[in-house]
Amino acid sequence: MLYAQVHLTLPAWVHEHVDASRAYPGDAAKVALAIELSRLNVEAQSGGPFGAAVFDSQDRIVSVGVNRVMPHTCSVAHAETMAYMLAQQRLQTPRLNEHGVMTLATSSQPCCMCYGATVWAGIDRLLIGARSEDVEALTPFDEGPLPADWIGALNQRGIEVVRDILRDDARVVLRTYGESDGAKY
29 MLYAQVHLTL
39 PAWVHEHVDA
49 SRAYPGDAAK
59 VALAIELSRL
69 NVEAQSGGPF
79 GAAVFDSQDR
89 IVSVGVNRVM
99 PHTCSVAHAE
109 TMAYMLAQQR
119 LQTPRLNEHG
129 VMTLATSSQP
139 CCMCYGATVW
149 AGIDRLLIGA
159 RSEDVEALTP
169 FDEGPLPADW
179 IGALNQRGIE
189 VVRDILRDDA
199 RVVLRTYGES
209 DGAKY
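Under the numbering used here, the first residue of the sequence shown is numbered 29, with each subsequent residue one higher.
In case anyone wonders, no lab produced these hints; they're calculated from the structure.
Quick caveat: nothing in here was measured; it's all calculated off a predicted structure.
Don't take each hint at face value.
With beta-carbon atoms standing in for the labels, derived distance ranges [claimed, not checked]:
# : residue 1 : residue 2 : range
1 : A176      : A48       : 32 to 40 Å
2 : S49       : D177      : 38 to 46 Å
3 : Q86       : W148      : 19 to 27 Å
4 : A165      : M141      : 14 to 22 Å
In this text, a Cβ means the ideal position worked out from N, Cα and C, and glycines have one as well.
Generate coordinates for the entire structure from the input sequences, incorporating the hints supplied.
As structure tokens, then:
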């Protein structure tokens with residue numbers, strides 16, 4: 029029999045730790061949430077050390093995501109793609125910015141897959157904590173190839189990129205994961 033559907037979920041702890049009713053003004057507040065999601069995901073052993081959140085133009089959460097690759101045995105269940113898919117389902121559109129300016133805050137620079145998803149998801153601003161070189165130096169992950177001027181390529185598509193927001197905080201989570209037996213989750 030062929031599988032005819034995919035069922036991906038966030039861990040239950042997300043509902044207890046995310047206040048979707050409040051605003052997250054400023055870039056640092058948004059990235060702080062993404063980093064906190066990554067930290068909680070590692071602590072709960074519910075996935076890898078990555079968190080992301082989609083925000084609307086009013087600084088409100090549209091969706092959040094954490095890495096769920098190992099729990100779901102699904103290589104595309106990255107924090108960014110989880111956040112995108114949940115936002116798209118909530119707003120009932122594949123292009124999120126049809127509903128106004130949309131921002132993705134992520135604990136670490138998107139890998140090559142999430143970079144591509146960002147191009148198509150309808151994101152206007154991309155806020156990043158740790159860099160890909162941090163991910164590769166502190167964890168066993170390979171982030172894959174990106175265009176040499178990946179930021180310029182996103183800018184040409186109207187996507188503003190802001191890096192190194194709370195980078196040291198994001199690196200702490202990556203280091204903790206890398207020093208643990210985290211590859212199992």
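Hints and how they fare:
Taking 32 to 40 Å as the suggested C-beta distance range, the pair A176 and A48 conforms, at roughly 38 Å. A C-beta distance of roughly 39 Å is found between S49 and D177, which places it inside the suggested range of 38 to 46 Å. In this structure the supplied range 19 to 27 Å holds for Q86 paired with W148, their Cβ-Cβ distance being about 24 Å. Between A165 and M141 the CB atoms are about 20 Å apart, so this pair conforms to the stated range of 14 to 22 Å.
Taken one by one, the earlier hints all hold for this structure without exception.
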